[in-house]
Amino acid sequence: MSASKAGAGIDWLVKKGPGYPLVLSCRARLARNLEGLPFPSAADGEDLERVRGMVLEAVSRRVVSERDWDIKFAEEVSREELEMMAEEHLTSPSFGERAAGRAVAVRWRDSRGVTVNEEDHLRIHSILPGAQFMKAWKIADKIDSQLEGEVQYCFDQEMGYLTSCPSNVGTGLRVSAMLHLPALSITGEIARTIAALGQAGIYVRGIYGEGSGVAGNVFQVANRKTLGSTEEDIVSHVEMITRQVVDKERTARKMMLRDSPLELADRVFRALGIVERARRMGFYEALELLSLVKLGVEAEVIPIKDFSMMEVVVGICPYHVRSGIGPEAEDEDVDAERAPLLRRLLGL
Amino acid sequence: MNIFCDECKKNIATVFLTKISGDEISRVQLCEECAKRMEETTEAANLLAFLPHIISGLQGMDEQLADDALSGQLITCEFCGTSFNDFQKIGFLGCSKCYEAFGEALEQVIRDFQEASEHLGKMPQKISATARLRRKLIELERHLEHQIAGEEYEAAAAVRDQIREIETMLETEGKKRERE
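Read top to bottom, the protein sequences are chains A and B.
Read in order, the letters of the first sequence are residues 1245 to 1592 in our numbering.
Read in order, the letters of the second sequence are residues 23 to 202 in our numbering.
Possibly wrong hints are sitting among the right ones.
[What the hints assert, rightly or not] A few chain B residues that face chain A, going by a derived Cβ cut-off under 10 Å, partial list only:
no., residue
1, ASP28
2, ASN107
3, GLY113
4, PHE114
5, GLU126
6, VAL131
7, LEU142
8, GLY143
9, MET145
10, ILE149
11, GLU176
[Claimed, not checked] Over the 10 Å line for every Cβ pair with chain A, so calculated as not near, a few chain B residues:
no., residue
12, ILE25
13, PRO146
14, LEU155
15, ILE160
16, GLN169
17, ALA179
18, ASP183
19, ILE185
20, LYS197
What the hints contain is simulated information worked out from the structure, not anything from laboratory work.
Yeah, the Cβ is synthetic: ideal placement off N, Cα and C, and Gly gets one too.
Put together the whole structure using the sequences plus the hints.
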């Protein structure tokens, strides 16, 4: 079900990490650019090719041990596979829109990789299951140090690493966590939480990042500022904030179970009923139902086997569903396929 | 990511709003002027969270300079041809030289957005190694001057060799960088 050729399980999608089941995954991302070449938004085809050549050569020399890394040129990858890569959070949703000169080097199993010529010349990322922020940062940091031996980064003593958008300047580090917060959403507490996080310098976004809607009660939190703190301080801050939000969610769940158990049971069983009987299902509806079923399972209200939220989410994404029925499938076909697929993924 | 007001697309956003309507969560960022205007309209009723993050964007900046800078008429990066105006429109700088070219206008944008102006994190090993070598070179040169003044010629010769060694290293490093 992954875009990886091996098709094997991707750790962050299938494994349980610290903070399970509320912290689904964490991610560290570093933005870097090469000295002497225009940033991707202002670069022509030749510049982009040069950047790609330099970055991939550095990756090949320093990072890749051929067996488990995979390098893909965006223009040589089918539209469907590009979309699946974005659905697996390997690239940003806009990665495939302008494929020329872009590339991705990735180790699928533990989701570490380098994306070339997206917003910046290169972006190094590491995604891990649960709250393992420091480890994710250390992995990205190591790849960064390895590449730095081969290429010259844009770096200014005062401003740090120079990035295409000044919102990343300095460390170039964005640390984020994917959180499943159904109880805070149901109680409406989430709005206040988001407001408080904003004041603490934390962005809240939907499941597919910037500009995406919130769906399935999955929220992404990330540091807003990248300048003026050490990487370790940024990591600790996001870690601490995550812990606080997760505590709030736990409390909200406890209160729901204590104060309105019937309402909770009714809500989650209605969701399960639809999942069990539906004959077609849109992506967003599926996410909402999935979130409630997951809440029911975790609260030990619904007696079915626990499952990995993100594995199912990715599995029912439009292009993952499509991959099972053929690229010529219409949206209607995808919706019709998603309903039984969701049952299969949940073991119903 | 854009740093400018979603409404007028001209001023730096200083007010960040999170809007939740149904399943949609969206972020709106406004400059103070537009925020004030919006506050008076019904739009504001939909805003669940009102987060004034960064206070007045251009405070402390010379008014004329601010006007010139933000109009984007004056500054264009010579290396990549990106103007400050382009940056305001698309939210991206064209190259690393833009940071210098856009000078104070960009510094202000960064200070407002990042609430900081100095990098405290990681440094490329190469850069810091070079910086370390430079510092060592300066120290040795001072030392050498002392030794010559004190007529310690034998010791001075050894120091001079060390200096040459470092100079060669710096030169090689510089050439390597040029090639890259």
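Going through the hints against the structure:
A distance limit of 10 Å between C-beta atoms decides the matter here; for B/ASP28 the minimum to chain A is near 12 Å, and the interface restraint is violated. Given hint, B/ASN107 at the interface with chain A, is violated; its Cβ is 14 Å from that chain's nearest Cβ, farther than 10 Å. Because the beta carbon of B/GLY113 sits about 6 Å from the nearest beta carbon in chain A, less than 10 Å, this interface hint is met. Among the interface hints, the one on B/PHE114 holds; its C-beta lies about 4 Å from the nearest C-beta in chain A, closer than the 10 Å criterion.
Interface restraint check for B/GLU126: the shortest CB-CB distance to chain A comes to about 13 Å, outside 10 Å, so the restraint is violated. Nearest Cβ of chain A to the Cβ of B/VAL131: about 6 Å, under the 10 Å cut. The hint holds. For B/LEU142, the interface hint holds, the least distance from its beta-carbon to any beta-carbon of chain A being 5 Å, beneath 10 Å. Proximity of B/GLY143 to chain A holds as hinted, the smallest CB-CB distance being about 4 Å (cut-off 10 Å).
A distance limit of 10 Å between C-beta atoms decides the matter here; for B/MET145 the minimum to chain A is near 7 Å, and the interface restraint holds. Look at B/ILE149: its Cβ gets to within about 6 Å of chain A, closer than 10 Å, so that hint holds up. With 10 Å as the threshold, the beta carbon of B/GLU176 stays out of range of chain A, its nearest partner Cβ sitting at about 38 Å, so the hint is violated. Its beta-carbon lying about 6 Å from the closest one in chain A, B/ILE25 breaks the requirement of being farther than 10 Å from that chain.
A cut-off of 10 Å between C-beta atoms contradicts the statement that B/PRO146 is not in contact with chain A; the least separation is 5 Å. Residue-level check passed: B/LEU155 sits 15 Å from the nearest beta carbon of chain A, beyond 10 Å. The non-interface label for B/ILE160 is consistent with chain A: the shortest C-beta to C-beta separation is roughly 16 Å, beyond 10 Å. Annotated as non-interface, B/GLN169 keeps its C-beta farther than 10 Å from every C-beta of chain A; the closest such distance is 31 Å.
With a minimum CB-CB distance of about 34 Å to chain A, B/ALA179 clears the 10 Å threshold, and the non-interface call stands. Residue-level check passed: B/ASP183 sits 28 Å from the nearest beta carbon of chain A, beyond 10 Å. Every C-beta of chain A lies more than 10 Å from that of B/ILE185, the closest at about 24 Å, which supports listing it as non-interface. Non-interface call for B/LYS197 relative to chain A: holds, since the shortest CB-CB distance, roughly 12 Å, exceeds 10 Å.
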